[in-house]
Each structure stands twice: as C-alpha cells, then as structure tokens.
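Chemist: Make a model of the complete structure from these sequences and hints.
Protein sequences, first through last, are from chains Y and B.
Residue 153 in my numbering sits at position 153 of the first sequence, and the numbers go up by one each step.
Add 1000 to a position in the second sequence, counting from 1, and you land on the number used in my numbering.
None of these hints come from the bench; they were simulated from the model.
Predicted model only: the values in this text are computed from it and were never measured.
Relax, there's no trap hidden among the hints.
Partial chain B-side listing against chain Y, Cβ under 8 Å, derived:
id	residue
1	1071
2	1078
3	1119
4	1123
5	1255
6	1303
7	1310
8	1312
All C-beta atoms, glycine included, are put in the ideal place defined by N, C-alpha and C.
The primary structure of each chain is shown beneath.
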Amino acid sequence: MAWRRLLSVVRAMLVLMIGLMPLPMASAKSIVADIDHHLVAITTDFSGQDLLIFGAVDQPGDIVMAMWGPQTDVQVHHKARVAGIWVNRDSVTFGAVPSFYGIASSRPLIELLAPDVLDKYQLGVGRLQFKTIAADAPNVADYRTALFRQRQRANLFADKVGRVTFVGDTLFRANLRLPAIVPTGKFLIEVYLARDGKIVDAQTIPLVISKVGFGADIYRFANNYGFAYGVIALIVSLLSGWLAHLIFRRR
Amino acid sequence: MLGAILDWLLSFQIYLPIAETSISVVLLLALGGAVGFLSGLIGVGGGFLLTPLLIFIGIPPAVAVATQSNQVVASSVSGVLVHWGRGNVDFVMGAVLLAGGVIGSSIGIALFSVLRHFGQIDVVIAVAYVVTLGSVGVLMLTESIRALRRVRRKAPPKKLHQHTWVHGLPFKLRFKKSRLFISAILPMGVGAGVGLLSAIMGVGGGFMLVPAMIYLLGMPTGIVIGTSLFQIIFVSGYVTVLQSWQNHAVDILLALLLTIGSVVGAQLGGRIGVKLPGEQLRLLMAALILGMAILLLAELVRQPDNLYTIMSIGRG
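Modeler: Right, dumping it as structure tokens:
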C-alpha cells in the first residue's frame, strides 16, 4: 500500500507544480484541480465521507466532475422457476462496469453540453456504456436495467454526488459525498471544463479508497495467505473446544 | 423497559471482516447459545440449525457455510472429550469413516467453488438442506413414533441388526467396540456421502451420520455419538482449512463468537437433557429438523422480490 500512497503524493505534487505555473504561460492547460485527500481510509465505523475538490480555470466556464470507481466484470443472473423452485437461470455478463459512478456539476448537464458530447464522455448515469461480454438471453436490455436499478438503489450510481460552486469567475470547489458502502480500490475523478457546449479541457485526479484497521488486516491475510489462515482458524477452534471442556469439567 | 434493554444489548455491533457486515455481538452469542442448548439437549452438533439462521440474519451464504464448519470443530472437540472419557468412541470405525469423509468433502469443496463461480451455490445449499433435513426428519419422526408406541406396549426391542446383501461385500473389517464385522466399503461410503453434503451445507453432518450409523451400519447407539463426533472433528477441520484456502470464506471472528455461545449453551442443554426421556427428545429433534426443512422449502418455492441477482467477477 505504501507505494500507492507515495504515488498519489507524487501525483499531487505534480498537479501542484503545474498549478503554480503562471496561468497565461501554461497555455495547454485551461484547468487545474486537486483533491484534499488522495487516500480515503475505511475503518470499521466508516459512515461515508465528503471529499473536497478545488481548482481554477483560466477563463469563466462550467465544471463537470465524474467520479469512477474501479471497474469489474459483472454477471447479472435472472431467476426462473425450475421444477417448482427459483434458481438463477440465464445470465448476462457486462465488461468493465464501474463499482461506483457519481456526477457533480456547476449547472445541470443538459444545459452545459450537447447530448452527443454527454454520450461520448459517458456523463450521467443513463449514458454509461457497458460492453456485453457474454449473454445467454436475448433481452440484454432488461439485464442492463436491472443492474442500473440495483446500483442506483445502493447509491453506487448517482447523478448528483455533489455541487460545483464557483468562487469568483475562475476558482471553483466541490464537495463530493462518498456513501458508507463505497467500494474500495483505485478511483478516478475526471474534471471537465465546459464552455459553449463543448469540453475545452480536462484533468484526471486519482483517489485511493482502502480499508484499514484490524478487520482489513484479517481480510487481507485471509485472501493472501488462505492456507495459513485456515490452519490458524483450525487451531483456534481446537483450542477453544478443549478449553470449553476444561472449564466445564472442573465445575 | 425490556425493549430498551434489548435495544441497548443489540447496539454492540461487531464488524465481521470476512462476512463484511456489522452484526450485534449479543445476537451472535445468543444464536450460538440457543443452538448449542438444543444440540446439548439432543446430542448432535446443531450446524443444520445454525447455518440457515446465519444466512437469515444476513451473513453471506458462502461465509455462513465455511465458518460453520470451523465452529463445528470446536463444539465437536468439547463433545468428544466427554465421550472419550466414558470409553464411547470406536476409533477404528472413526478412522474408516474419516477416510471416506476426506474424499467426500474434497469433492464437496471443489463442487462448492465451481457452483459459486456459476452463481448457483445459494440454491444448491438450500436444496441440499431441504432434501437432507426432510428425509432425515421423516425417518426420525416415524422411527421415534414407532419407538414411543413400543415403550407403551412394553414390547421387546428388535434384534441388533438384520443380515442383508451388504454383509457380503469384500474388505471385511472387525470393529470390536461396535461389535460389528462388516465390509470397510460400507462405512467409507457413508463417510464420503456425509462428507460431501456437509462440505456443501456447512454442517458437521451429525444429524445425517448418527442415523446412518445406527440404521445403515447397525452400530450400538451408545458408541454412535462419540464416534461421529470424533470423525466430525477431522472432517470439519479439513473443510475449514480447505474453505479458507480455496474460497477465502471462513470468518474467524464469527466462528469464535458462535463457539463461545454454543459451548455454554451445550453444557446447559446437556445437563437438562439427561433428565428428560430419550424417546421424546428424539421426537423433538425430528420435529425441529422437519420444521427447518419446511421453512427452507417455502423460501425456495416463494417468488423472490427481485428476480435479478448481480455478481461482480474479478477485480479491475
């Protein structure tokens, strides 16, 4: 984990160095942005967290932020009645589905960008595109809808995770809300500068969300050293059974 | 007032690292205690009650099953020590059952991984429960009703066991303590079958093994429980390690809390159990097993609220 933290620090420093350059000179960059914490620690009592994203633009414009969680393949099963009982029958697998997706903008998206631009950049939950990797059912759209419904209900796909506000014409800030059940892994926050219905510039901010603490250590140990973990679990249960016998025999 | 105390007690939540949920410590202790009490009363492990209950309170089925086998080790160790002290363990029979059990549970765990991969593990667990609990329950119920009638009529019990075709099988072995001279294939097959089912169901398998040893192998009842517990320690221990290794699904913290609850409950249950008549206890157990089977069957047949299940595969 240490290298990841180092990496994000280096990235943050790079971002700051670019930010410190006089704006007119950095003609390639019309936007700079950064985040208050590049690492979010999930402890056992984690109940969500606010992220502060701040930055500056060279000329007035609008800001759209899209937060992407790590992507995984997702299998959606449909239950059907087989011999009287409900079992998972047909399934559709979608590739590279973000485990989290959230949008924040300074004005409603539809006022800022044309629909084809929104589609191209996948801005808005309804505009997310997943590749269908495997399907053994013809009605793939139903499976896609079910996936969206589940993710939206769990607050994992949200069209509004925060509001971008401007301080003056060129400074902006946004509070993005991470829900309590936010997944872990490498996140990317894409910050777009929109002007006259077009995306003028963009910047990507990395974010790492990881579990910390005793529970996380156990989880990691169990997943990385399964065999040793199993042996320890066995020894613990043998000892506790023996101990129980000793305690109750003496009574 | 009582409600307030209950709320206060339930407020002690603990985060289970493998199950990845927070659950009340008191609830887990009480659950372990209640099931331990019943199992002490009746004389079986009680895994067949605990695993469905764990799933019911929100532990992922795969974790409930894997963790339960870890808890079974602890309760079987404390149980077998008592029976060992009384000389009620047939180690030769236990070893043969164990050889079969290791084969069966290895297949069971491989099957578990495959089914989990295809998203079918939950329904297979549930069906395995309904079928085994249903058949063992019916068997025990008819048997104990017959036995109760026999007690009333004061009729003599039937002879130890009938001789059938199974006694003609090769590899005959003498099991001194069980007073049996039968083919080793028979107990090995029983061990394998129970091992396979218990790996998938997350139970020690006592509720299947005990009737199988009495009715199929014809072992004397006094030896059966100690011997099955002895065998269960090894099979469950083996399953624990394998489940941890291949499926990463054993939650040490959950197992520990359940163990604390169940050993205390089992001691209380055991003390009350000796004062109650055995035939009625067996009737109670049969009713309990059947009740659980019916409950699980109803859950399988009922149309689920959400027909779609979503499963992430691999990590991006």
